[in-house]
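S.K.: Chains as they are written, first to last, in the numbering used here: chain A, 1 to 209; chain B, 1001 to 1209; chain C, 2001 to 2209; chain D, 3001 to 3209.
Calculated from the structure, these hints are not laboratory results. Careful, some of the hints might be misleading.
[As the list claims (entries may be wrong)] In silico lysine-lysine, DSS-like type, Cα no more than 27 angstroms apart, as pairs:
1) D:Lys-3036 <-> D:Lys-3049
2) D:Lys-3049 <-> C:Lys-2036
3) B:Lys-1036 <-> B:Lys-1049
4) D:Lys-3146 <-> C:Lys-2036
5) A:Lys-49 <-> D:Lys-3036
6) D:Lys-3036 <-> B:Lys-1036
7) C:Lys-2049 <-> B:Lys-1036
8) C:Lys-2049 <-> C:Lys-2036
9) B:Lys-1049 <-> A:Lys-36
10) D:Lys-3036 <-> A:Lys-36
11) A:Lys-36 <-> A:Lys-49
12) B:Lys-1036 <-> C:Lys-2036
13) A:Lys-36 <-> B:Lys-1036
14) C:Lys-2036 <-> A:Lys-36
[To be verified] Chain C regions said to be covered by chain B (calculated; three or more residues, Cβ under 8 angstroms):
15) 2056 to 2067
16) 2173 to 2182
Idealized CB from N, CA, C, for every residue including glycine.
4 protein chains.
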Amino acid sequence: MNASLGSKPAVTTARVEAFSDGVFAIAITLLIFGIKTPVVASHDAGELKHQLWALWPGYLSFGASFAIISVFWIGHHQMFQLISRSNRTLLWLNNAFLMCVAFIPFPTSVLGLYGDQRVAIILYCATIVVTGVALYLVWAYAAAGKRLVYPGISLRVVRIASGRILVGALFYGFAIALSFVSLTASRILLLMIPFFYLLPSSIDPHIET
Amino acid sequence: MNASLGSKPAVTTARVEAFSDGVFAIAITLLIFGIKTPVVASHDAGELKHQLWALWPGYLSFGASFAIISVFWIGHHQMFQLISRSNRTLLWLNNAFLMCVAFIPFPTSVLGLYGDQRVAIILYCATIVVTGVALYLVWAYAAAGKRLVYPGISLRVVRIASGRILVGALFYGFAIALSFVSLTASRILLLMIPFFYLLPSSIDPHIET
Amino acid sequence: MNASLGSKPAVTTARVEAFSDGVFAIAITLLIFGIKTPVVASHDAGELKHQLWALWPGYLSFGASFAIISVFWIGHHQMFQLISRSNRTLLWLNNAFLMCVAFIPFPTSVLGLYGDQRVAIILYCATIVVTGVALYLVWAYAAAGKRLVYPGISLRVVRIASGRILVGALFYGFAIALSFVSLTASRILLLMIPFFYLLPSSIDPHIET
Amino acid sequence: MNASLGSKPAVTTARVEAFSDGVFAIAITLLIFGIKTPVVASHDAGELKHQLWALWPGYLSFGASFAIISVFWIGHHQMFQLISRSNRTLLWLNNAFLMCVAFIPFPTSVLGLYGDQRVAIILYCATIVVTGVALYLVWAYAAAGKRLVYPGISLRVVRIASGRILVGALFYGFAIALSFVSLTASRILLLMIPFFYLLPSSIDPHIET
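For reference, chain A alone in the conformation it holds in the complex (with noise of 0.2 angstroms):
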């Protein structure tokens, strides 16, 4: 805000984030309603004990979308340590990123219950594409000539942090071919894939974790 307007000291980035943290902290929570509470005859014991364990697909994908929006959530943690201050279009570019992590609990939902067809494995990884194209875009707008980032910032860490996103969403993109060779295959890697984070990255030593 305009000084001259006497207006509160300005806390920049801080509404973002806190906004972008809420809907993280929702979307990673609401997953757990892609696994529906089975329906039994109440005294069958048998019955219900087969159907918790049939429920296995879904508990993989609870917890491969909870591993990925934990990457996202890193990811952008990381980004908004690096970003100094906001415009009207990092608000629209990181909304755009915000609609795509809310949109992951349907495709996970399906893809716990049809996880067996390829439409349910495309679907789902499509989506994460889509988030991590949608997150190198507020990440490439705010570098850009370091438009909106700390001056400090060496061109070697934009590089680092742009290469660790768009190589996801590339893992990501191979699952949805993989899927016309071999399902299995496909939802293995899927599966697979958050846990490549988890290494440690040449960008540690540059970011506040």
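Could you slot chains B, C and D onto chain A? The hints should help.
M.R.: For chains B, C and D alone, kept in the frame of chain A given last:
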């Protein structure tokens, strides 16, 4: 608080903003439940694909509501950059506005399922009109006689802020009228309105985004 | 924390307030799920309109619960302006209160569907009475002997705060009694009570809203 | 972040705590969806009353899970009073813990519907055991060699904190074993365990609640 009570330093509108952001973040993320996971016989691949495509009005409603709640969030965010303190009346007006925001997932879900019916379009647009009017009332109350805003704010900024809110409400009102002429035109208009707020505004230089 | 441990500067009640605000914001936004999207044959326009109108008790329940949760939020907010620190017992009393708040969407949904039955009214009002008593216990514990409140608070402010909470609980208790005479009168009363808190209070000058 | 980049002042664990609080607040509030609104013919008063009473196992599960998530929240809160900074591994361990917290509404709902069956009790208790172990791992990682905790923390505080977490997990493990002897005893035990944490602890003087 009366300083003589020895209370914490006043944080004025901070908790109101945090609570509002919570409601915004939750309402925007709950929109995804407007899209129901299809129920199909689990080995019928073509049927699942068909049903996922058939949900397209739901995807559009989700996107339209995500965009308009984003608009309200950005507007609310900017407004509270100009508001210096709150009182009981402001809290209630703000909560009335938040009640409208929290209601949005319901007409969104109705529009996604029954977008081919005029009543669904009217319910949706009327909800947004009422939400816009509620936000206008928050602003009108706070800005009247510079009651709760920073004293340095110019009347021009007050008028621009009011205008931007009311113009959006007018457009949705027009979409209602249009639905009596052409449902398709009305649906296209209501999808388009949020993008009006993507354009830079003459209010931007006055406000810290 | 013991200062000798070299911990962070104490933020006393900040995280309790943030967590409480989260529960308030979520519970108030989840109320919308008490209104189920109608299921109609998709080309029967008159039927959809009819069903949307028939949901009016649900809309009223939504509004009434939004208003009363707002009242609890404002009251809790004001109370924690007077509370200077917390301890294990306060955390548990506060969480017992939040459990009641989180429960409210259930009786709200029951009231919206079965508002013509006494048991729905009793369940709803009893929930609010218990919630009010829980909030009173938080305050009574914190204020007793000025245990956890700012030392400068006058006994008069303590009594006004207690009174405002208990009067609300009494009114809902009266609505239960009234339901045995007239369901309609009881329903009207429970819709009206939150608006009592719209009125300015003698506590306002003592508290930073 | 590397100071030479000119970044914001480091807020270390603040955003992790905020995100965690979001997940806690959402998971705890979503528990209410484990209690389904009864469906009855709308003019049959006795039937509604009967069905509302018949939901009592759901009310108990709701209360038990609200209490145990409160316990985890208070424990997490106290733990992060002792943790001074985070790194990638801590973020992942913390997110694994949060995934368990976010999962809790599912076994809660199953227990509320099928509490008379051993498999529901085992699923519920096993979830809490795994959640407790995950929280223990967060703490064990942060405290090992005082890696991420304040240097002044005594080994005794580290041991008390570990002990309190593991004792809870042991109790739920015992409830599983007990379910093979008596379902009723097991159910009573699992309802009682959270109240163990109501008692004052020898850790309290060392931690700012």
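S.K.: Each hint should be assessed against the structure and marked as holding or not.
M.R.: For each hint, the structure was consulted:
This hinted pair checks out: D:Lys-3036 and D:Lys-3049 have alpha carbons roughly 14 angstroms apart, not beyond 27 angstroms. Under the criterion of a C-alpha separation no larger than 27 angstroms, the hint pairing D:Lys-3049 with C:Lys-2036 is consistent with the structure, at around 21 angstroms. Our distance criterion of 27 angstroms between C-alpha atoms is met by B:Lys-1036 and B:Lys-1049, whose separation comes to about 14 angstroms. Our distance criterion of 27 angstroms between C-alpha atoms is broken by D:Lys-3146 and C:Lys-2036, whose separation comes to about 52 angstroms.
Between the alpha carbons of A:Lys-49 and D:Lys-3036 the distance comes to roughly 21 angstroms, so the proposed pair stays at or under 27 angstroms and holds. Between D:Lys-3036 and B:Lys-1036 the CA atoms are separated by roughly 18 angstroms; this keeps the pair inside 27 angstroms, and the hint holds. Among the hinted pairs, C:Lys-2049 with B:Lys-1036 is consistent with the structure: their alpha-carbon atoms are about 21 angstroms apart, no more than 27 angstroms. For the suggested pair C:Lys-2049 and C:Lys-2036, the alpha carbons sit about 14 angstroms apart, so the restraint of at most 27 angstroms is met.
A distance of roughly 21 angstroms separates the Cα atoms of B:Lys-1049 and A:Lys-36; the hinted pair therefore holds under the 27 angstroms criterion. As the CA atoms of D:Lys-3036 and A:Lys-36 are separated by approximately 13 angstroms, the hinted pair is consistent with the 27 angstroms bound. Between A:Lys-36 and A:Lys-49 the alpha-carbon distance is near 14 angstroms, which keeps this suggested pair within the 27 angstroms criterion. Straight-line distance between C-alpha atoms of B:Lys-1036 and C:Lys-2036 comes to about 13 angstroms, which keeps the hinted pair within the 27 angstroms bound.
For the proposed pair A:Lys-36 and B:Lys-1036, the alpha carbon gap of about 13 angstroms is at most 27 angstroms, so the pair holds. For the suggested pair C:Lys-2036 and A:Lys-36, the alpha carbons sit about 18 angstroms apart, so the restraint of at most 27 angstroms is met. With 4 residues having a Cβ less than 8 angstroms from any Cβ of chain B, the stretch 2056 to 2067 of chain C passes the three-residue criterion, so the hint holds. Requiring three or more residues with a Cβ within less than 8 angstroms of a Cβ of chain B, the coverage given for the stretch 2173 to 2182 of chain C is violated, as only 0 such residues are present.
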